[in-house]
Amino acid sequence: MTLTKADLIQEVYKKHDLSKAQATAVVENFLGIAKHSLQEGEDLLLSGFGKFSVKQKNSRRGRNPQTGEELMLAPRRVITFKPSGLLRHRVNGGE
Amino acid sequence: MNKSELIAALAQNTELPVREAGAVTGTILEAMTAAMARGENIEIRGFGSFVVKDYDSYHGRNPKTGEKISVPPKKMPFFKVGKELREKLNR
Numbered sequence: 000m001t002l003t004k005a006d007l008i009q010e011v012y013k014k015h016d017l018s019k020a021q022a023t024a025v026v027e028n029f030l031g032i033a034k035h036s037l038q039e040g041e042d043l044l045l046s047g048f049g050k051f052s053v054k055q056k057n058s059r060r061g062r063n064p065q066t067g068e069e070l071m072l073a074p075r076r077v078i079t080f081k082p083s084g085l086l087r088h089r090v091n092g093g094e
Numbered sequence: 000m001n002k003s004e005l006i007a008a009l010a011q012n013t014e015l016p017v018r019e020a021g022a023v024t025g026t027i028l029e030a031m032t033a034a035m036a037r038g039e040n041i042e043i044r045g046f047g048s049f050v051v052k053d054y055d056s057y058h059g060r061n062p063k064t065g066e067k068i069s070v071p072p073k074k075m076p077f078f079k080v081g082k083e084l085r086e087k088l089n090r
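Line by line, the protein sequences are chains E and B.
What the first sequence shows, in numbering that gives the first Met the number 0, is residues 0 to 94, in sequence order.
What the second sequence shows, in numbering that gives the first Met the number 0, is residues 0 to 90, in sequence order.
Computed list of lysine to aspartate or glutamate pairs in EDC-like fashion (alpha-carbon distance at most 16 Å, straight line): (1) E/LYS4 / B/GLU29; (2) B/LYS2 / B/GLU29; (3) B/LYS79 / B/GLU39; (4) E/LYS13 / B/GLU29; (5) B/LYS73 / B/ASP53; (6) B/LYS87 / E/GLU41; (7) B/LYS87 / E/GLU39; (8) E/LYS54 / B/GLU86; (9) B/LYS74 / B/GLU39; (10) E/LYS4 / B/GLU39; (11) B/LYS74 / E/GLU94; (12) E/LYS14 / B/GLU19; (13) B/LYS52 / B/GLU39; (14) E/LYS50 / B/GLU4; (15) B/LYS74 / B/ASP55; (16) E/LYS54 / E/ASP42; (17) E/LYS56 / B/GLU86; (18) B/LYS2 / E/ASP42; (19) B/LYS79 / B/GLU42; (20) E/LYS81 / E/ASP42; (21) E/LYS4 / B/GLU42; (22) B/LYS82 / B/GLU42; (23) E/LYS19 / E/ASP6; (24) B/LYS2 / E/GLU41; (25) B/LYS2 / B/GLU19; (26) E/LYS14 / B/GLU29; (27) E/LYS4 / E/GLU27; (28) E/LYS13 / B/GLU19; (29) E/LYS54 / E/GLU41.
Short derived list, chain E residues pointing at chain B, Cβ under 10 Å: (30) GLU10; (31) LYS14; (32) ALA22; (33) VAL26; (34) ASN28; (35) GLN38; (36) GLU39; (37) PHE48; (38) PRO82; (39) LEU85.
Note that these hints are calculated values from the structure, not bench results.
Quick caveat: nothing in here was measured; it's all calculated off a predicted structure.
Ideal placement from N, C-alpha and C gives every residue a C-beta, glycine not left out.
In isolation and in its complexed conformation, chain B is listed as follows (with noise of 0.2 Å):
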């Protein structure tokens, strides 16, 4: 499923305008985005949670030529999935 068959879905769901549904998946999406953005981290009961992974700088090698280069820290969100969803999904 993508994005716009989501919205539709939505849409059809709660009977708001496309345009609208749209419009609050920007919303929602955007929120979790800015969030993370901050360091903070996520939790939606019965989906799952985010956790943003903070790397420090390492030295790694460009696999394809073997050179060497330094790896800049940076962060990573990570996603665990929700114990209702992951026993839906084993059932």
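Isolated chain E, as found in the complex (with noise of 0.2 Å):
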């Protein structure tokens, strides 16, 4: 099994007094949101679920794990996810 948007979506509908075309726009502008903050490479914390931070990466020299070719990669941004120690609690088996 695997959690969608969709599934996120139903839970809000499930659990809030709020139409499905609502819940809908809410679940949408959470993401978007939280997409913005990380696009304009702002760090997004979410206590209690954990920190994504956007990390920029220099150019480097790369090869293509399939040919043995060299080449450089571009400098580029990335996100790393740290779990916060609830998230890591309760995935172990936590309350």
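Bring the two chains, given one by one in their own frames, into a single complex with the hints.
If you want it as structure tokens, here you go:
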């Protein structure tokens, strides 16, 4: 089983006094705000869940593992996620 | 951005009271936490996915004292950024 956006919308619809359209809009908005913050290079800290950090990677020499060919990897930004203590606790069977 | 800033922006965009936007935020994060606690993965198109990885127990060392310790088996959530967000980050 995999949790998807549709499941999140269903959960919000079930637990709150909102129409299906409102529940959809609020979930889309939540994700949109989160994405926007990260796109701007700003970290996103969701207490009790975890922290998304945007990290700058410099250009470096890499290799195509299939052909062994050397190539230059461009500088890029990546996102790392550090789960909160609470999330790690829950994932390991804690209340 | 932290959670209360996200809730404030969510309330403004959706015209919901801040209290309701906060409650919905709690529902979303709890649904994601509960799914991972059940060992399920999460896949949110455009944003990214979460995978729960299993670790076997292993012997480690306390880096400060050099003392040998046994680390019990554990699970850890991992996040992988989605294609759309990755591309937007690197435009």
